[in-house]
Structure formats: C-alpha cells, structure tokens
Amino acid sequence: MRTIHLFLILISFVFCPFNAFSYHVLNDISGNRVQFNHWNKLPVTFRIDGGTLDGGDGVPLFLDACDEWNKIQGLANICGSWTQIDEDITSSNFNDITSLSDGIVDIVFDETGEILTSLGLPATVLGVGITSINSSGIITDGILVLNGSRPSSTTADILATAVHELGHIWGLAHTPVGAIITTNNSSNFGLDPMQPSAIPTMFPFTNPENDEFGRTLEPDDIAVMKILYPE
Amino acid sequence: MKDRKAKLLVLNQILLMTLMSVFFIGCNKSYATREIYKPVDEMARQSELIVLAKCINNKTLEESNGLLYTITTFNVEDVVSGELSEKSISIKLPGGTTSDRDVNVPDRPEFVDNEEVVLFLGNKTQEGYYTLESLNEGVYRIQYDQASDTRFVSSGVDGMTVYNSTTGKESGSANKVSLEDFIFSLKKLTGK
Numbered sequence: 001m002r003t004i005h006l007f008l009i010l011i012s013f014v015f016c017p018f019n020a021f022s023y024h025v026l027n028d029i030s031g032n033r034v035q036f037n038h039w040n041k042l043p044v045t046f047r048i049d050g051g052t053l054d055g056g057d058g059v060p061l062f063l064d065a066c067d068e069w070n071k072i073q074g075l076a077n078i079c080g081s082w083t084q085i086d087e088d089i090t091s092s093n094f095n096d097i098t099s100l101s102d103g104i105v106d107i108v109f110d111e112t113g114e115i116l117t118s119l120g121l122p123a124t125v126l127g128v129g130i131t132s133i134n135s136s137g138i139i140t141d142g143i144l145v146l147n148g149s150r151p152s153s154t155t156a157d158i159l160a161t162a163v164h165e166l167g168h169i170w171g172l173a174h175t176p177v178g179a180i181i182t183t184n185n186s187s188n189f190g191l192d193p194m195q196p197s198a199i200p201t202m203f204p205f206t207n208p209e210n211d212e213f214g215r216t217l218e219p220d221d222i223a224v225m226k227i228l229y230p231e
Numbered sequence: 001m002k003d004r005k006a007k008l009l010v011l012n013q014i015l016l017m018t019l020m021s022v023f024f025i026g027c028n029k030s031y032a033t034r035e036i037y038k039p040v041d042e043m044a045r046q047s048e049l050i051v052l053a054k055c056i057n058n059k060t061l062e063e064s065n066g067l068l069y070t071i072t073t074f075n076v077e078d079v080v081s082g083e084l085s086e087k088s089i090s091i092k093l094p095g096g097t098t099s100d101r102d103v104n105v106p107d108r109p110e111f112v113d114n115e116e117v118v119l120f121l122g123n124k125t126q127e128g129y130y131t132l133e134s135l136n137e138g139v140y141r142i143q144y145d146q147a148s149d150t151r152f153v154s155s156g157v158d159g160m161t162v163y164n165s166t167t168g169k170e171s172g173s174a175n176k177v178s179l180e181d182f183i184f185s186l187k188k189l190t191g192k
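These protein sequence lines map, in sequence, to chains A and B. Using this note's numbering, the letters of the first sequence correspond one by one to residues 1 to 231. Using this note's numbering, the letters of the second sequence correspond one by one to residues 1 to 192.
So that you can see chain B by itself, here it is in the shape it has in the complex (with noise of 0.2 angstroms):
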C-alpha cells in the first residue's frame, strides 16, 4: 500500500514538473514586437554600449498626438562594453500607463525601480536618449537566488559560448547563467 502510494506521489509530482515545463518553454523568452532575431553573440557585438545598470526611475510623457513614452533611468553599475562618462542614462520607448488609458506597444520593456538588468544599447538620439540594440531581447533581467547566493541571467544565451569568470573556462552548460560569468563572456567576446 505505501509502495503503491509513493509510485503515485512520484508520478504526480512527474507530472506536475512536466506541465510547468511546458508552461515556461513558452514563457522563458521575452518578444519583441516584430524584429528579424538576432543571437546574443550578434547584439552584443553590434551594440555601441552594453551595461550592467539599476533602474531607478519611470517618468511618463505625453505627445501632442496622445502618444506616450515612458523614460526610464538608470544608475549605470559596469559599463560591460564601449564607452560612458556618464554614471547614469536614460532610455526612452514608446508606450505607456495614465490613470485613464494605456498605450500598447507590444512586448515593450518595462522597468521597476530597483530592478537590475544589462542593458544592449544602440546609438543616442537627438534628445540625448539610449535606444535598445533590440528592443525585449536587448534587455537581460537578473534573477537573484537565495539558495546559492547567486544572481542570474534570466534569458537564454543562444549564441554565446559562456566562460566560467573564476576559472576562465569554457562553460559545460548555457542554461542557467550566472551574471558574473555572462558579463565575463561578454567582455571576452566584445574584447574588453
């Protein structure tokens, strides 16, 4: 009876962890609205600047046509790639949140205060704005977990070979990025 009962625990639990894999196959990438994709390898060495950055502020801004924008700032922690003076920067997408009505772009990226990320960044406008090298997949989250006192790339590396930071060895594994060996392999990469 107790054999039957943990044959039964296990195949639920078998169960359940094939169900949520399926869940997060399809939600683990970011999209963006429609781009010809690129691999992480390509952004990262046609982006001007790339940068490990902490969101510190959302501003919304209304155009004269009902068009919203949202400017995020950020504090930047490690400039990754290329060349900044500046300790923060600003990127300004289109789409955004009133109290009344919301501006859909989609798949845009957004940001909460705090929250870090590496950053793909193109050339600055005019105005003095970062645009992304791609717009969801130009954005890296960072995951933090507790267990291992470890952070986390949270998307997927396809392209890139990752090195371990410590050893300076070529990963076994791309499935779980851990942010010091990502921006390792990317400076490595980019050739910083």
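With the rest of the complex left out, here is chain A (with noise of 0.2 angstroms):
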C-alpha cells in the first residue's frame, strides 16, 4: 500500500508540475465545500471621493489603477464606470456617505491617514480594501481607502497600493509569495531568493527593493483572476 502511495505521489510530481502560482481567495467554508467569493454582477461601478490625494487628484491614479486589471487578457470587463462626488470624504463624514449596501464601490482619499485610524487600523496601513458577501458567497460592495498621508515613493507607492486594494476589491486576499525576502533574510529555507520585481502585487507588505514594481501585475495575480472571472 505504502509502495503505491509513493509511486502515485512519484507520478504526481511527473505528470502534474508544480504550478508557479500561490495565490489566495476570499472564500467560505461550508461543509466539505470550499466557496471563492466573487462578484457576480460586473462590471463593478465606483463613486470616488471629491477630495485630493497625495497632493492632486485621485481620480487619475485610480483610473490607472483599474487599467492595470482591465489588461489581463481573456477576462471579463470588470472595472466598470465611475463617478465623482462633490464632498471630501472625512473622518466626520465617512459613515454618512459611504455605503455597503448600494452594490457601488466606495473610493475614499484619505488625506490625513484620519479615516484608517478612525476605523482602528495601525498608522502602518497604506491602503485597505474591505468587501460585504452575502451568505451565498457573493461579493455585493465594497469600500477601498487609500493612505495618502505618506508622500508616495519608492518605498511605497501610491499607485501600487490601489492596485492591490483594488484586488481585495475583486476578492483576491493575500499571496505568501514573496514571503522568504522580505521577512526572512537571515534564513531562506534553503530555497532561492525570488526577485522583488517578481513578487505578486496581493504579497501583502510593500516591495523591500522598489514598491513601484507592485504597480504592474504578476502571473500569480493574473492566474487567479482568470480563475475568478474568465471572459
């Protein structure tokens, strides 16, 4: 029994190669089964925030944001239209105009890093991407915040930042890929240092190399976007 438990794992490592990819997705639990969260209704709209950002205007920064996903070949539109309100969103009145329940994703600057403590989260945070799933499994809202208390730089960058909020937004969580550089240099496992130009922009920490290769997308992120919304 034991000899061809060894010969099919054997087979596996001839026959199936280990896939390159690590990525993660929201997902649920139920039973024996396992739910990735998705939208179901796309292309997914925004309503973005009337204030600045990083000392201009948001709106292009989140445009390019959304370009970036909208390249992947073979998916489904999914960054869709948007519109601009005329408030700044605030502390004070971030209850009052965001929303989890109209199926539109808020887009909020947060000028002074006010809004991300107000909500409880560490001064570290540069971006949160926080979505509502119905009991189905079904992503219906979301609220993206960027930090725009730290001038961008290549320590880290803005715009790499939008990019992976907008991937919680789509229900992609965290990758582990990229995890043996940047939290572990005294000890790597015996495995090969990876490239920082090559971690996933979902690797949840900002690039110790030069943040501004998060801005583009990585075969893990593609991988699981095509899983999550093929054409």
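Please keep in mind that the hints were generated in silico from the structure rather than gathered at the bench. One should not assume that every hint holds.
What the hints assert, rightly or not - With a straight-line Cα cutoff of 20 angstroms, these simulated EDC-like cross-link-like pairs (lysine to aspartate or glutamate) come out:
1) B/LYS187 / B/ASP41
2) A/LYS41 / B/ASP100
3) B/LYS92 / A/GLU114
4) B/LYS54 / B/GLU83
5) B/LYS124 / B/GLU77
6) A/LYS41 / B/GLU170
7) B/LYS169 / B/GLU180
8) B/LYS124 / A/GLU114
From these two lone chains plus the hints, build me the complex, please.
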C-alpha cells in the first residue's frame, strides 16, 4: 500500500509539475465545500471621493490602477463606470457618505490617515479594501481607502497600493509568494531568494527594493483573476 | 525485501515531510492588509503597550453605512511593556460577520474565547479602544505543546534577539520560542 502511495506521489511530480502560482482567494468553507467569493454583477461601478490624494487629483491614479486589471487578456470586463462626488470624505462624514449596501464601491482618499485610524487600523496600513459578502459567497459591495498621509515613494508607492487594494475588492486575498525575501533574510529555508520585481502585487507588504514594482501585475495575480472572472 | 520496504518507508516519510514543510513555509506567517513590514524589535520599541492577554469576548457592531466592526475584550495577564492600570482592554477592528453577511477586511486578526495572545498595541482611540501597532503582525498567538508542557509563540521573531528566561543568556535558535523566553526577551528589549 505504501509503495502504491509513494508511486502515486512520484507520478504526480512527473505528470503534474508544480503550479508556479500560490494565489489565495477570499472564501467561505461550508461543510466540505470551499466557496470562492466573487462578484456576480459585472462590471463593478465606483463612487469616488471629491477630495485629493498625495497633493493632487486622485482620480487619474484610480483609473491607472483600474487599467492595470483591465489589461489582463481573456478576462471579463471588471472595472466599470465611475462618478466623482463633490464632497471630500473625511473621518467625520465617512459613515454618512460611504455605503456597503448600494452595490457601488466607494473609493476614499484619506489625505491625513485619520479615516484609517478612526476605523481602528494601525498607522502602518497604506490602504484597505473592504468587501461585503452575502451568505452565498457573492461580493455585493466594497469600500477602498487609500492612505495619503505619507508621500508616495519607492518605499511605499500609492499607485501600487491602489492596484493591490482593488485586488481585494475583486475578492483576492494575500499571496505568500515573496515572504521569503522580505521577512526572513537570515534563513531562506534553503530556497533561492526571489527577484523583488517578481513579487506579486497581492503580497501584503511593500516591496523591499522598489515598491513601484507593485504597480504591475505578476503571473500569480493574473492567474487568480482568470479563475474568478473568465471571459 | 525487508530492506527495500524500509527504504521505501523512509523515502515516503521524507517526501511527506518535504511536502508538509513547503505547506508550512507558506502558512506560518500571518499577513495584514498592505503595510510596511516591521520586524518585531522595531514593533516592540514603537508599541505604547505590550500585554499577554486572554480573549474573553467578541461582539459585532454595525455602523449606519453597513460596515461591521468586531470589538474584542481581553483580560490582561501580564504587562510586558508600557503602563496599564486596567485589568481588561478592548480593541475594535473593522470587519465581522452577521447571520446574513460577512464584511471582509483582509487578514483582520480574529480571536476565540479563552485564546491567549501577546498584543503589540498603539494608542488608545477617543472611544477608549486600543489599536494594534501592526495589524496581524501585532498579534502573537500562543500554542501549547503537551509533550514538553511548554507554551510557544506561533509566529517568527524576525529581528529580535531571544534570551533564555532561566539563564538570561542568548538562545541559539529562534525558530521555536517559548512564551517565557519571548516575554523575557521583550522586557529586556524594551527596558522593563
């Protein structure tokens, strides 16, 4: 029996080479079924904060982030229309303006970082993509907040953060690919270090070499989108 | 024949262990939403308060915009660093679950009743809740090893020198750190 067991494992190595991807998807476990959370109604529509980001208009930055996801070949059209409201969303009107029940994703530019703090998040958070998911595992709404309190730089790039947080809005979770070089330089578990430019955008931390690498999607990010939203 | 079987058995075990190692390398670190990574020594120095605490209650709250929050209350068992007069503290984080929906904040730390954790905390909010110094990285969960009757911290201690709490000397390996050594080392690091 053990021989057969070993034989089957070896055969799987030969005929089913390791998948290079390690993406994670937001999911629910119901009994023995894993249900991937995803949007049913596409494309997703947006309501954008009337305030500014990083000293300028945040809309072009959001559109660039959207374009990065829309560039994926063979994918359903996911990033839809948007409108910009007149009001600047702040910590004091956040609950009045944003909504998790109208099916429109709110894009919030948090100029001072006060909104993220008022949500109870640490100052280290550069952005957050919140989704509301019904009991059938369908994403029905979302709020994306970008922290504009620190100037965008190669240490923490705001466009890379916007692309990353949109990934959460689509239903993507964090990938562990990239953890070896950023969190454990002393012991790499015998694995070769990863090229910083190849770290997926859905890695949870900023890129240690140049955070602008996060602006473009990597195969890991693209593969998961093709699973969730095939054309 | 027996030798061959024994060899196959060893090979089988090695293979399974390799597969399990690959799995655990991918899973042993908890992740927060997009952040700048902080090694534990830096996080410890920047924290207002570090406590060993036991979760006693979770409560979900809904705001007018439909955003759910989870308020978790802990009994404080030891103040590792900082000043605290209260015997219990609470943290409030966005995200939570009701009977008909789930509001997901990627990798928001979740706690179960009676779970013991080491919390790295930042400032207290106006509402009276503590914030985590770093989202999921600011929580060290504790695991109990029955064989050695020892409690261990479940996450890595990247960036921190670990000392043996009995001898006071530097520990050789930081792969699996006992709770006692972790707390002793944190106190040494933060000057308590």
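Item checked: Holds or violated: A/LYS41 to B/ASP100, with C-alpha atoms at most 20 angstroms apart -> 19 angstroms, holds
Next item on the list: Measure nothing beyond the straight line between the CA atoms of B/LYS187 and B/ASP41; if it is 20 angstroms or shorter, mark the hint as holding.
Entry: 11 angstroms, holds
Next item on the list: Verify the proposed pairing of B/LYS54 with B/GLU83, using a straight-line Cα cut of 20 angstroms.
Entry: 18 angstroms, holds
Note to self: Can you confirm whether the C-alpha distance between B/LYS169 and B/GLU180 stays at or below 20 angstroms?
What the structure shows: 13 angstroms, holds
Notebook entry, point to check: CA of B/LYS92 to CA of A/GLU114, is that 20 angstroms or under?
Noted result: Answer holds: B/LYS92 to A/GLU114 is near 15 angstroms, not above 20 angstroms.
Notebook entry, point to check: Regarding the pair B/LYS124 and B/GLU77, is the alpha-carbon distance no greater than 20 angstroms?
Noted result: It holds: about 19 angstroms lies between the C-alpha atoms, which stays within 20 angstroms.
Margin query: Just to be careful, I want the Cα atoms of A/LYS41 and B/GLU170 compared with a cutoff of 20 angstroms; is the pair within it?
Written below: Roughly 57 angstroms separates the two Cα atoms, so the pair is violated.
Next item on the list: Sort out whether A/GLU114 lies within 20 angstroms of B/LYS124, counting only the CA atoms.
Entry: Status holds; Cα separation ~14 angstroms.
Violation of the numbered hints given earlier is confined to hint 6; every other hint is satisfied by the structure.
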